[in-house]
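*Asks:* Below, each chain spelled out in residue letters.
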Amino acid sequence: MDGNEVRQSIVLKDLSKVFQKDDRTVRALEGFELQVSDGEFVCLLGPSGCGKTTVLRIIAGLEDKSGGEVLVHGREVTSAGPDRGMVFQEFALFPWRTVRKNIEFGLEIKGVPPEKRTEVSARLIDLVGLKGFENAHPGELSGGMKQRVGIARALANDPEVLLMDEPFGSLDAQTRNLLQKELLRIWSATKKTVLFVTHSVDEAVFLADRIVVMTARPGKVREIIDVGLPRPRDRTSAEFIAVRGKVLSELDEEFEKARAKELSPE
Amino acid sequence: MDGFVGWIERLLLQNWRRVALGIVSVLLFIAIWWTYSAYLHAEWPFGGTPSGAAEYVPYPDDVLSAFVDSFVKPDPANGLYMTDNIASSLERILFGFVIAFAVAVPAGLLMGRLWKADAVGKPIVELFRPIPPLAWIPIFLIVFGITWGPIAIVFLGIFFPILINTTFGASNVDPVLVDAAKTLGARRSDVFLKVILPYTIPYLMTGIKVGFGIGWMCIVAAEMLGSVGGGVGYYIFSSSGLGRYEFMYAGMLVIGLLSALTTGLAGLVERRFYRWMGMK
Chain A
1 MDGNEVRQSI
11 VLKDLSKVFQ
21 KDDRTVRALE
31 GFELQVSDGE
41 FVCLLGPSGC
51 GKTTVLRIIA
61 GLEDKSGGEV
71 LVHGREVTSA
81 GPDRGMVFQE
91 FALFPWRTVR
101 KNIEFGLEIK
111 GVPPEKRTEV
121 SARLIDLVGL
131 KGFENAHPGE
141 LSGGMKQRVG
151 IARALANDPE
161 VLLMDEPFGS
171 LDAQTRNLLQ
181 KELLRIWSAT
191 KKTVLFVTHS
201 VDEAVFLADR
211 IVVMTARPGK
221 VREIIDVGLP
231 RPRDRTSAEF
241 IAVRGKVLSE
251 LDEEFEKARA
261 KELSPE
Chain B
1 MDGFVGWIER
11 LLLQNWRRVA
21 LGIVSVLLFI
31 AIWWTYSAYL
41 HAEWPFGGTP
51 SGAAEYVPYP
61 DDVLSAFVDS
71 FVKPDPANGL
81 YMTDNIASSL
91 ERILFGFVIA
101 FAVAVPAGLL
111 MGRLWKADAV
121 GKPIVELFRP
131 IPPLAWIPIF
141 LIVFGITWGP
151 IAIVFLGIFF
161 PILINTTFGA
171 SNVDPVLVDA
181 AKTLGARRSD
191 VFLKVILPYT
201 IPYLMTGIKV
211 GFGIGWMCIV
221 AAEMLGSVGG
231 GVGYYIFSSS
241 GLGRYEFMYA
251 GMLVIGLLSA
261 LTTGLAGLVE
271 RRFYRWMGMK
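These protein sequence lines are chains A and B, in that order.
Following our numbering, the numbering of the first sequence begins with 1 at its first residue and continues without gaps.
Following our numbering, the numbering of the second sequence begins with 1 at its first residue and continues without gaps.
Hints in this document: simulated from the structure, not taken from any laboratory.
Keep in mind that the hints are not guaranteed to be accurate.
[Stated by the list, open to error] Taking lysine-lysine pairs in the DSSO-like style, the calculated list, with each CA pair at most 30 Å apart, reads: (1) A:Lys220 x A:Lys257; (2) A:Lys101 x B:Lys194; (3) B:Lys116 x B:Lys209; (4) B:Lys194 x A:Lys131; (5) B:Lys194 x A:Lys110; (6) A:Lys116 x B:Lys194; (7) A:Lys146 x A:Lys116; (8) B:Lys209 x A:Lys21; (9) A:Lys116 x A:Lys191; (10) A:Lys220 x A:Lys191.
Keep in mind it's a predicted model, so treat the numbers as computed, not measured.
Assemble the whole structure, with the sequences as input and the hints as a guide.
*Replies:* As structure tokens, then:
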């Protein structure tokens, strides 16, 4: 290849994960392969229980893999670290910390001096649109605002990749659409690599450069779909609906398989 | 003490129905007491009293005047005023509390988070927790002596509620908060200090409130072991021994009031903490 070879941000090779539940072994992932380039926005989509969250948690270093290779910017993942920011569906904000203190958590741990911390958090509060709520506690915020804090908190460490685990899954439809737009704005402003887990086809088509459709358990890559639509995307456009239909039909087959598996005795 | 005055004001304004009912409840109790006492003191037409136990149940107003006397007149047994007794008992309670807090909080955090610590600690805790403080008097006298023995008994009373609540709080920490901290770069020690400890504080406060109550319950037993400088517990059983039953009841009343006061103060600190931590 020539000089402008795209740098791989996340590389997963033959990733597998086996859970031990009492006397049962559950094969969650098997031969999962994926490469995400620097600055790319990739959505992981699949039937529930297919292991999409497990993929994310393994990359985050919150879960051990059973086999294969996980590289983030060429380095093997061995434990959780601030180079991989994570945003959780449950927001996972520290209820006793204010918005500002939540965002500064990672900087505090790094030992960044207070003035510098305030500088970074002020910039991020501005970026995620939470001006005026610096000193509010999470309990006083709506779900959408909480997740803005979650995103800002993950960005505060200036991570190489942003791992998002159904971050808008518990929000109402309007808030969800708004935050999707906001996320794209933040993504283009920060140029982070984003790996985004969702079970919403619409969300995936709206957000992603590429959509990874996973198979039912044991999860592996069934199909990778290039969305290839210019942003901002119009949900009502014929092109959008066409991509949506394609993803949906892939997913439907996997749903059927998952259901058949559930019904048949092992 | 603006916060305290404000708190009282709010209590009276917002909860006047509660306060009124509380007053009615106490008055009703006094009325029942007075009736029972009057019954015991009554003379049958043919002479004698119903049970001969009248001296054990003095009238409420006798207890009230004994209560006042205990503050203004020295105890004939040792020349101490009630304020001296309160000071001595408070000192024991506070020493017991400080030591219990210092041991129970780290132990509870460890037992709540590490299964090995729990496996080691739990059998000992469950074995020793139900033993009444009174039972320890002989061995504590030998091991700790008359100054530290009473403190050790109070310590036992306060220690277990704090330990058990702290353990429960630490084991209940939402795992997603720990995950979040880890992805933000937190090391084990950071997770302990910045996630598990703050999460546990409300549980810890409950333990402290309960602990103070049980600490006061132990004070009579504690001061049976040693009562250098007097003590309210000592005052109760020495008054009882001298047949000064109205003074014994006055001492019991003092313990009730002191316990309510310390629990109330702990509650005030708790509310402060909650507001500071953004939890209501």
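*Asks:* Does each hint hold? Answer for all of them.
*Replies:* Structure-based check of all given hints:
1. A:Lys220 x A:Lys257: 14 Å, holds
2. A:Lys101 x B:Lys194: 11 Å, holds
3. B:Lys116 x B:Lys209: With Cα atoms ~28 Å apart, B:Lys116 and B:Lys209 stay inside 30 Å; holds.
4. B:Lys194 x A:Lys131: Status holds; Cα separation ~25 Å.
5. B:Lys194 x A:Lys110: Answer holds: B:Lys194 to A:Lys110 is near 13 Å, not above 30 Å.
6. A:Lys116 x B:Lys194: 20 Å, holds
7. A:Lys146 x A:Lys116: 23 Å, holds
8. B:Lys209 x A:Lys21: 40 Å, violated
9. A:Lys116 x A:Lys191: 22 Å, holds
10. A:Lys220 x A:Lys191: Satisfied, since the Cα-Cα distance of roughly 27 Å is no more than 30 Å.
In terms of the numbered hints stated before, the structure departs from hint 8 and from no other.
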